[in-house]
Each structure stands twice: as C-alpha cells, then as structure tokens.
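Guided by the hints, dock chain Z onto chain Y, whose structure is given.
Chains as they are written, first to last, in our numbering: chain Y, 1 to 586; chain Z, 1001 to 1229.
Treat the hints as calculated values from the structure; they're not laboratory data. Small disclaimer: the values here were computed from a predicted structure and weren't measured. Among these hints, one or two may not hold up.
[As the list claims (entries may be wrong)] With a straight-line cut-off of 27 Å between C-alpha atoms, the simulated DSSO-like cross-links for lysine-lysine are:
id: 1; chain 1: Z; residue 1: Lys1125; chain 2: Y; residue 2: Lys271
id: 2; chain 1: Y; residue 1: Lys571; chain 2: Y; residue 2: Lys382
id: 3; chain 1: Y; residue 1: Lys271; chain 2: Z; residue 2: Lys1045
id: 4; chain 1: Z; residue 1: Lys1214; chain 2: Y; residue 2: Lys271
id: 5; chain 1: Y; residue 1: Lys84; chain 2: Z; residue 2: Lys1109
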Amino acid sequence: MFLSKIFFFLVTFAAAVALTVALVMPRPAQRALVSEEHRRLKVACGVINILLTDDARNRVELAGSFARTSEIIGPLDAASSADKLDDTRMKQVRGIGENVMKTIEGRKPDFAILIDKRGRVVARVRLDENDYGDLLAGRPLVDDALAGYLRDDLWVQNGTMYFVTASPVIKRDPPVEYVGAVVLGHAVTNELAQKLVGPLGVDVGFFLGNDTVAGSKTIALDTKPMEGVIGKLTGGDLARDCQANEPIPLTASKEPYTALVARLPGEATQKKAYYSVFIKRPDEIGAGATLKIVKQSDLAPGNFPWIFVGGTFLIALAGGIGLMFWEADRPLRRLTADTVRLAKGEVERLAEDQHPGKFGSIARSVNIHIDKLGRDAKSAKKDLDQLLGPAPEGSLGTIDLLATALPPSRPGGPATAAAAPPPSEFRFGESGPMAAKPPPRTPTPPPMRVNTPPPFKSMTPPLGQASTPPPPITVPPPMASTPAPPAMLGTASPPLTLDDDILGAPSVDAEPEVDPYFKQVFDQFVGTKKTCGESTAGLTFEKFAEKLVRNRDELMAKTGCRDVRFTVYMKDGKAALKATPVKDEG
Amino acid sequence: MKPLRVSVFAASVVVGGFADVATANTVVGRLDLPPAPERPPVATKGFLDRVDNPLAPVKGVNVAANMIVVLESAEGKVETPAQVNWDLAGESFSRPVVGAAVGAEVVIKNTSKTARNLVAAEDPKLIPAGPINPTGPKSFRPTEPKIYNIGDKDAPHLKGVLVVVGTKHIATVDGAGRFDFGDVPEGSYKLRVFYKSGWIDKPDETVHVGAKGKTEVSVKVPAGYPLKK
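Just chain Y, with the same shape it has in the complex:
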C-alpha cells in the first residue's frame, strides 16, 4: 500500500497544482490584458497625435495657398493703407474671401479671417462676419503671420475649439512686402474625432478643463481624473504626453473605462485643452469568467492537447489501478483463498509470511485468535472435567452432547469434532420404542480423548442448561463378554470390540441377547429413577435397549463415530440419559 499512497499523494498533488494553476492563470492573463489595453491606448494616442500633426501640415499648406490667392492681395494692401476700415471695404474683402473658400476642395475651413498688415481685421468669413476693424495683432499666431511665418495654433472661441493656421499675405510685385495675413480655422467636431479614430478601435474626446468639446462617442466621461493628470503636467514636450502618461481608470454612466490623456498644443494649452483616448475596460476575468468565454474552437483537437491530457489521464488511471491490483486486490485475493483453505481445514493456520503488509497483520491476528481459542477451549475442558469428571477415553466428552450442533469444521486442525452429534438427551418415558438389538460392539477399547484440538469455547455447555446436575454417572461402553458389575456406577466399562460383537458372542436364537452394557445402563437408569422418586412402571429393559440402540445408530450415522456411550444423571430432579459419541479409536 506504500506505493499506492505515494501514487495517491502524487495524483492529489498534481490535481492541487492543476487547480491552483487554473485559479491563478486568469490573473496573469488579466494583467496581460490590461497591459495590452494600455499599450493599445498609447499606440492609438500616438497615432492620433500623428494624424493631428499631419492634419496641421495640410491646413498650413491650405492657409499658404489661401494667402497666395491673387484676389486678396490687392484689397489687403489697400486696407493696410487706410486709416480707418469701413463697412464697404469689409464686405468687398469678405466676398473675396468667401469666393476663395468655395474653391477649397475637401475639408473646408469653418472660418477665415483676413487681416491687414497693421493687424486689423479687414473681414471675417463664415464666423462673426459682421465684425471687423478690431486688432488681432498680439495673438502669437497673427503676430508670426504678420512677421512672415506660416504656423498653426489652437484657439478657443465661445466654447469651441479650433485648429487654426495662418499665413502671411505677401505682395509679390516689386516691391515685395507684407500686406497682411490670413487665418483659417477648422472646428474640432465629433465628425473629426470619429474620422481620427476610425481604424483604431478606440474613442477620442477633446476637452477644455471639465467641458467636453467633441468626441467620437457621445458619452459623459468623468473628467475629474483626467483633469487631475493634466493639472500635474507642466512643461515638457507635449508631443510625448502619449508615451509619458499612464492610462487611468474612469467611469462614464457607471461603466468603467480606461483613458489616456495628452495635452493639446497652442494657446488652448493654457485653457487646459487636452484630448483623451479611451476604451471600455474589459470585465475582469476569473476562473469562472474564463470558462464562460471558452469557445468550442478552443477545445478543438488542433487547439487543445487532447492527446497529452488523455494520455496523462490514462497513465494515472492505469497506474492507480495497477497499484491497487498489486498492493490491494492481489494480496486480498490471496488472503481470501488462504482463509478459504483454513475454513476447509486444509491448513491449520494462515500463512502469515505470504501476506504482505496489513494483510499479514490480518493473518497474524487471525492466527493469534485461533491460538487464543485453543487455549480457551483447553481451559474450558479442564473446567468441565473438574465439574463432570474425566471423560472416557476416546469420547468426545459429555460436553459435546450437551452443546448445540457442532460447526462443520473448525480451525486449528482436522475437524475431529466436526461431525459431533447434536445433544442427545432424552427421557425414557418420552422416547420412542427402544431398539431390540444392541449396538455393535467396537472391537477396540473406547477411543482415547482427542488431545488436539480442544473444543470450541462456543461449544461449552451452558451451565444453566445443565441445571447443575449431580456428578454424572458415566457408564463406559460395554466390554465384550465382560459386563461391568452393576454396582460400578461412574466407572468406565471396557469397550466392546468388533470381534467381540461378531465373533465372540454366541448367538441365542430362543431368547434375545441381553447387552450387558445396555443392561448396566438400564439398571443405573432404573436406580436413578427410583432415587428421584420416579415411577418405573412400564419401563422394561427391552424397550430401554431398543431406545438406546436406535439412538446409538442415529448418532453413529450422523457423526460417524465408532461408538456411543450413555450416561445416566439427574436433571431437574428426574433421571436423564445422555448419549456421547466416541469417535477415536485411541
């Protein structure tokens, strides 16, 4: 069983390891998922920054093209020379600007501002069209454009964020000089946001502090965490925010999201303008959740190591069964066979050395018990002998006949008493007809008492059943032609031999032969009845002898004993007679 225990330990340990792995495995997977989500957000954030930068380049080129339009150079040059701008000039320039706007293909600006070289607004197109004459110089974008630079910026006007670009307007006819500038603005809209994130699989939102300006998804994100991150960012290269910042968890309509924020450049930076790339956070996966998302294809033979799992299972099963057979089934079967042989009497004891481990212990325990029973039986026999007197030689003892039926076999040796007859106790008056013919004489003296094995403890006659009889009057089996003296009660008569029965005793035709042993028993029985005050009327020797013969024959047929010895005794104040089989020949 040692190997079985080791095997069981290993299998259990392997199962515990497998269970631990199954429970722990989702956690690294969850971390990997989160890490992948963060990486995805950073990539998307960087891509959006690149797209916005590329868009800025296109818009700057568009502003340059707009500023180079010949139709606007002359009017701006004229406006720059005017001390005061009027409505007529404004409408003229605005019309020109509108016409130029119409020629733009693709994404058109949401507004255009035409500025003279003093920095005054000559006209506005598509946004606050009736406002003009105000000084726009001072804004970095306009100042740079008036100085000759092309550049972009982000403006916030009336809660709307604009990507703005500016270009100087230069009179190319000699003398070449700056005559003004053009500012184009593209509003940050939901459409722009959706266009930015189209292929990325994330969402983006543009914010001004806690105000949402636009987004690819209509959702109310909790801006506080994002503002907290933006508030901590000072200086540095804004273009590296996507790489430098870490994704943060936030909620929108009680749904969890993960967001990565990055500052927007330009003037809008000072108004806490930023954009956020966000994605819905996947549910945390545990062992149960992992099982829920297992697909059928995951268990396909190509994706799952069925051969390994099945082989491991079969190996474990075969190992377990083999060890059970080797260490349990086979020894048990051997012990069973050994006990069957013991029961059959083929062996006296179990072979302890042939049974390993616990089975050997069982065999030893059984053997110990057999030995104990033997000792108990000897002790009981000794006690009975003291009570009842010594049993005649060759007899199984009175005790055998007082007990119940003997077991068919008993351990410890040949079942010499296996065929011991049931108690043969009868009263003459209650018995049937007596045998007319005496039992055959045994040619040899009564067999000696069996010295092995002692009677079973369970065969010990209950003392109560014996009703504490007086010391039994043992009548030994009759000796051939040597009848025992009638007065010799309690002494054993020499048994009759077979030769005596058949050859020694002459047959008498006229009168029935009187068996001296039976006669002796009869006399003892009559004497005891008289002693007990019982009537002996109707009690004749013939009937008595017939009864004894029949009883003897029955016992001999049942037990296979060679002879039967009868004992007269008193029970409950009445005379009684016992028949005791005599088995051995001595």
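Chain Z in isolation, oriented as in the chain Y frame:
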C-alpha cells in the same frame, strides 16, 4: 512710416498743460538702434513649428514699439504728473510698453469688443478689480516708480508693460528711433531708455536743456539691447 508715427504720437503720454511755458524747451533726439533681435521662439507652439514663407524675409522684432525714453531731472525735482491714456485694442494694447509718472492717472480704454480683466502681476490691487467692458475705461494712479506687467489671465497673449517713473517727460520712439520731448523746463536731465522689460544697460546720458531753443540728443543703444540687472 506715417501711420506708425501717427500711432506713436497718439499714444504719447506727455501732456504739458501744467508746465512753465516761459522756460520750456523742446528736446528731440534719435536712438541709434542696432539690428533688431530675432523673434523669440514660439511660446505657444501648435502641432508644427512655424516655418518661414518662401517669398519674403521674415520681419524682425518691432523694437521701437517696445521702447520709451525718459528725461529725469538731475536735481531730483518732482514734477506735476500728467494723465496717461492707454488703449486696449483687441488682442493687444496699442503699445506694448507705456510710461507714466508717479501719481499720474493711467486711463485704460478698451476699444475692443471683448471684456478684459486686467491685473498687474506686481501689484494685484493696482488696477481696480472688475472687467473693463468694451469701450469702457478703467483708471488708476501708480504711487511709486516701478515696472508693472499688466495682463489678462484669460488671454495670456495680452500683455502690456507700464513703466512708472518720477518724471512726466516720457517719449515714445518711432521706427527710425526718433523721439521728441516738448515743454521741457530748463535744467539738467538724465536720459534713460527702456526696452521691453527693463532699462537699457548703458552709461547715463546727461542732457542740458537751455531756456530757449531746441535741444538735440543722439543716443547709441548697445548691440543686443542689453538690460540692467
């Protein structure tokens, strides 16, 4: 250059109503300006760096607009201050740098269409609290010689420098470096030049103004426009 000169004089702060006309003189001069410094880097860069246009050279900084010249009495006489008008025109002041005498009333007039909340960084209480509505003025009186940076936190690009000095003789400079003081009483004066955010680091020029006639002054500004620490 006529429009520029017009604007410069319109913003001139010298109002000599209270001067002693009998002893007044005129001081004219010219600053010998070195080449203008390059434009500073972009403070609020967009997605891209600014690029030069391919058709004309980029203009340098307008140095004159950021300069004022003052004449301070060598005897330390305190002169009666004059009112100073400073227009807030749209996204910037009419002049980025303006001078005012101690005790003079500075009147800021918002000629734009946007209300502004102006605050002096050095003294938040210098300018009365509250927005300056379009077309509405707001006035205050500085009480000590000091340089004030005035701006609107909602419009970081909107910045102006108010230079408070102990003299009423303050002149702006045109694009050619010329300046003109009118009604300067007779006496000796120190001429100082302010540029952008501080006083030009150079030896003081002493100007002797006679009882009559025009006094001409020529001042050389060091290259690189160094400022006193």
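Structure-based check of all given hints:
no.: 1; hint: Z:Lys1125 to Y:Lys271; verdict: holds, 24 Å
no.: 2; hint: Y:Lys571 to Y:Lys382; verdict: holds, 22 Å
no.: 3; hint: Y:Lys271 to Z:Lys1045; verdict: holds, 14 Å
no.: 4; hint: Z:Lys1214 to Y:Lys271; verdict: violated, 52 Å
no.: 5; hint: Y:Lys84 to Z:Lys1109; verdict: holds, 18 Å
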